[in-house]
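Asks: Chain order of the listed sequences is A and B.
Oh and the first sequence: position 236 is 235 in numbering that gives the first Met the number 0, straight run, nothing missing.
Oh and the second sequence: position 61 is 60 in numbering that gives the first Met the number 0, straight run, nothing missing.
Hint data in this document are derived by calculation from the structure and do not stem from the laboratory.
Backbone N, C-alpha and C fix where the C-beta goes; we use that ideal spot for every residue, glycine too.
Worth double-checking, as some hints may not be accurate.
[Said to hold, decoys possible] Residues from chain A that face chain B, not an exhaustive set, calculated with beta carbons under 7 Å:
| id | residue |
| --- | --- |
| 1 | Q16 |
| 2 | I20 |
| 3 | M24 |
| 4 | Q41 |
| 5 | Y75 |
| 6 | E79 |
| 7 | G115 |
| 8 | P116 |
| 9 | W130 |
| 10 | W134 |
| 11 | A136 |
| 12 | W141 |
| 13 | L221 |
| 14 | D222 |
| 15 | L224 |
[Said to hold, decoys possible] Covered stretches of chain A, going by a simulated chain B footprint (3 or more residues, C-beta under 8 Å):
| id | segment |
| --- | --- |
| 16 | 42 to 55 |
| 17 | 81 to 92 |
| 18 | 106 to 114 |
| 19 | 121 to 127 |
| 20 | 171 to 179 |
| 21 | 189 to 202 |
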Amino acid sequence: MAKWGMVIDLEKCVGCQACTIACGMENTRLPGEHWQDVIFFQEGTYPNTELKWFPRPCMHCENPSCVAVCPTRATYKTEEGQVLVDWERCIGCKYCMIACPYGVRFYTEEAPRYGGPDLKAVFPAADAHSWSPPWKAPQEDWKHGVGVQPHDVVSKCTFCYHRVSKAPKGTADLDPSNPVMREYTPACVVACSPGARFFGDLSNPNSEVNKQIANKNGVRLLDHLGNRPQVYYLTGVGGAIPNTHTTKA
Amino acid sequence: MTDLSIHTGLTRRRFLQATGAAGALGAAGLSFDAANGLTLQKVHAQPAAGPAGQTVITKSFCAQCPARCGIDVYTTNGRVHAIYGTLDNPLAGGKLCPKGHYGVYLLYDADRIKGPMKRTNPKKGRDEDPKFVPISWDEALQTVADRLNALREKGESHRYATITGRGWGYTDVGLLKQFGQLYGTPNFNLGHSSICSDASETVKHIMDGHHAYSAYDYSNCNYLLVFGAGFLESFRPFTGNMRNWGIMRSKAPKTKVTVVDVHLNTTGSAADRLLLTKPGTDGALALAMAHVILSEGLWDRQFVGDFVPVEQPKDADAPRLPEHKFEPGKEVDPATFKEIWTVGVAEWWNVELKDRTPEWAEKITTVPARDIAAVAREFALTKPAVALFERGASAHTNGVYNGMAIHALNALTGNMFAKGGLRGYQMKTAWAKLPIKAEDFMDDYAKAPERKKPRVDGAKSKRYPLAKNMIQEIAINSLKGEPYKLDTVMFYMTGPIFSAPDCSKWEEALRQIFVIDTSPYPGETNRFADLILPDNTYLERLQIADTYPYEGYPISMIRTPAVKPIFDTKTFGDAVIEIGKRIKGPTSEYYKKIGNTENIVKWMCEGFKDKPGDNGVTDFETFAQKGVWYRKPYAYLQERGVFYEWDGKGYNKVMTPEEVKAKVMPTPTGKFEIKVTELEHHAEFVHERLGIAPERAPFPQWVAPRHGGDGDLHFISPKLAGQAEGRSANLPHVAAMIQPTQGGKRNVFLEMHPEAAGKRGIKDGDRVRIKNKVGKIEAIVRVTHTTRPDTVALPMIHGHWAQGRWAQGAGRLPTGSTNEVTENLSEPLSGLACFHSGLVSVEKV
Ligand code: SF4
Ligand code: SF4
Ligand code: SF4
Ligand code: SF4
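Okay, chain A solo, but in the shape it has when bound (with noise of 0.2 Å):
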């Protein structure tokens, strides 16, 4: 049995958001619901002045807070790791998006924040569906939080559970520079252009995650809360992440 865990290297990470705008094509996300984002920052003052950014998709951890706090089990871990909303289940009552510390949860009837009509009104779904784009992704399984949600349910990165559980058993590293992994490849990895996001088995010790982990002191975030996250960030020379906020308000 896999244990599906990501790497970011944040020496190697420009920022460019890429991950985020392909997560949100590839799993269909409405503008803004960043299922995976890339938080930036400025420290320090001009001249010596900087930006910093880490990119932050679900930790998937491995003692979630949002599954503890979710009244009717519709958030919930699979053996493989991912953490993910039932979306048969989920009552929208948003109990899990104030337990998670990483603040990667969405709730579908936020009302838009980027200006101009509501997407959702101008491509409204003739079903269940709370809305449905005409570039609509094929895959669908509610029970996995995987497509286009109903109404009133909350979202979240799924690890790109529609590709990776269909990657073959035993697979240590899902490399998207080989053709055969290339597929079940979470999006976000795919289209990390400086290559800084990798993607394997954490079980098995000879993973190039579990590699990277060891060789470049992989660190998790805000570790001290005990979720332990299934995401671990390489920060090198000149990345960051920030350890003693939380990354929402």
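Given chain A's structure and the hints, the job is docking chain B with the ligands onto it.
Replies: Chain B with the ligands alone, transformed into the frame defined by chain A:
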């Protein structure tokens, strides 16, 4: 640590608002029973799936910037839903920048134009509804042809112009030259390059003989020195830059990066060193670096050459004479310096460099002298290295001279045509030539001497003798009737009414002109158009193109349509051909023979039969399957001052100076010209326009920039990583991803230093007016340390007044184009518009 709250969608207050009293327990399907607590039936049932469709991948290439990364377009049940980089495409390498993924939204943009239309409201203005009514393609094309035929009958065919932006080559803008030749207009293709990056091409042209962008060997480079180029945001090819960034920053030795810019961006932050210089002063930095390289003896002797040894007295006991060297403040005897592949180094030292010390440069740039000297030493001593620049350094009145100083660094350090350096220039693809020649179809009218008229944009005129294009002059020239007024204009992939400096002038000009817009989207040009001939979007088109310069070896790509046009649109190239068929006389015969763009594509691919691609592409079919044709390697290499040519197995053939001149450095001297022949020829012009003494004109030198507009703050309008060409302002996904620190989410922010803001009583989040003698716009301020105290920065993405419902979303700021406060001022040699040196004042509204 800064407060991060600004970044997240959900705050506690918003949470409470959104949740309200809806009461989760009230949701359908929930019940409470004493034995089991909360139980749940299904609240939402997934609707039954439709028939499963086969997912098809078609090959194409991206249209969101000039780089042209190869793309795999995923289509299921006739709908495009994903775009990823083509693995086998050398530029994309399976990756794309954020913009590459926008294609799905662009194709299905809810504001797309559904077919050809004509205007029925004769009044034109920002707020005038054109009252378009749909017409047939036949009527649309015939309307254009009738106007053009009528102009020809009056002998006024020169008053028709095509104004073009991003052309893709042979099947669109590449068709226009023949059209101009046959129809009889010098204005067949008035390109936009003078509001793009012409200065860098001009610099390369006059110094190393290539009027082109350079190909760099980043993956082997150990030092990268970037002047005003937004390497990780906007410099092309963006995806390639980022892919190479990953290599550069993790290889051993790690590539060291120094960035020179005027405000803080991701490139500057990701670099090892950021030098925040005053706008328009990059040239002073580069000159001081050259000064250090020469005075400290750090130049590459095998490429540049050296002083001849001083003849020492025969008498062994006599005191030794000092060897020649470049001493600050002192001239050298040029006869004592023997050059190899450069021309004019010693003279340059005498007329300019000897006094250009880092201390001198500090006064001009505000960058500490010790940093300038340190970068110069690192750059010269870390090989191989690349110095590159773009508009940040060159979109100023002194832009070409700035660029020359920077480009000279590549020569001084022997990095020209070197492995890991500036590798060379783009080689040509083995396309087959069309068997039909336009010359054979020219009638007497087309051949008549009266057809030799000047272009309306003034490029290559006395005022801009070296400029390739001068799009920013068209509106004013036509308004003044100098050299004449335009009658009919067709726009393709460009909107100077928004994107040219002092863009409001275009509104006046376009009122007087019959305007044909070919964009498949609404926009500012469309608002002033009389006729709309909507193009297919790039995912609906068959098209071929050559790559943006990458590593030098030839690469070409093909767009195969992922879906049939979803509306009644026509590929621009086919519209041109159809209009041609309706022009009276032999022109029509020519276009009937050509037929359509598909014929051209198929014919040109015949060239691959003899020169198959490295990936096995030999004809149209295999090309369409793979999406890309390329043949490695680049043909030439300079190593330790020797030029080699690839002989099929290796860089084994040593080239003679004549061969180098013919094939590698086609300047008048066949050398890298630090003393530029072309500027010797134009010394009087340079003197007149820039006030430089004619004898100094040929050398890279410090020329103080003249700043357009007026006010006490410099105004720059950078391009963000998320900004695609032209259409991204109307994509809500793009508005939502732009980051507050760099841009601003729904509104883009005016970055202002706390000191500058404080002086004006401006606080973070205030609405301000940015104004100068050209115009005024309003924006929201972000008080931040990301910019110099003397410079404000406003990304150029928003401010559209006619681009669609999202671009014009209620209350979106800024209120207008950054070009409404940008004076129409051009660099005299290249004609490049001076976008980054204007002055404004900022006040609270
Ligand atoms: S795509 Fe890669 S480089 Fe770009 S922001 Fe995401 S992780 Fe960073
Ligand atoms: S990051 Fe948040 S949503 Fe994701 S598993 Fe952890 S607690 Fe749950
Ligand atoms: S793993 Fe998939 S769902 Fe999660 S952030 Fe990446 S692309 Fe989005
Ligand atoms: S670099 Fe240019 S061509 Fe490549 S994906 Fe980005 S926008 Fe498209």
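Asks: Compare the structure with each hint and give your call.
Replies: Each hint, compared with the structure:
no.: 1; hint: Q16; in the structure: 5 Å, holds
no.: 2; hint: I20; in the structure: 4 Å, holds
no.: 3; hint: M24; in the structure: 5 Å, holds
no.: 4; hint: Q41; in the structure: 5 Å, holds
no.: 5; hint: Y75; in the structure: 13 Å, violated
no.: 6; hint: E79; in the structure: 21 Å, violated
no.: 7; hint: G115; in the structure: 3 Å, holds
no.: 8; hint: P116; in the structure: 6 Å, holds
no.: 9; hint: W130; in the structure: 12 Å, violated
no.: 10; hint: W134; in the structure: 4 Å, holds
no.: 11; hint: A136; in the structure: 5 Å, holds
no.: 12; hint: W141; in the structure: 4 Å, holds
no.: 13; hint: L221; in the structure: 12 Å, violated
no.: 14; hint: D222; in the structure: 16 Å, violated
no.: 15; hint: L224; in the structure: 15 Å, violated
no.: 16; hint: 42 to 55; in the structure: holds (count 10)
no.: 17; hint: 81 to 92; in the structure: holds (count 7)
no.: 18; hint: 106 to 114; in the structure: holds (count 8)
no.: 19; hint: 121 to 127; in the structure: holds (count 4)
no.: 20; hint: 171 to 179; in the structure: holds (count 3)
no.: 21; hint: 189 to 202; in the structure: holds (count 7)
Hint compliance for this structure: hints 5, 6, 9, 13, 14 and 15 are broken, all remaining hints hold.
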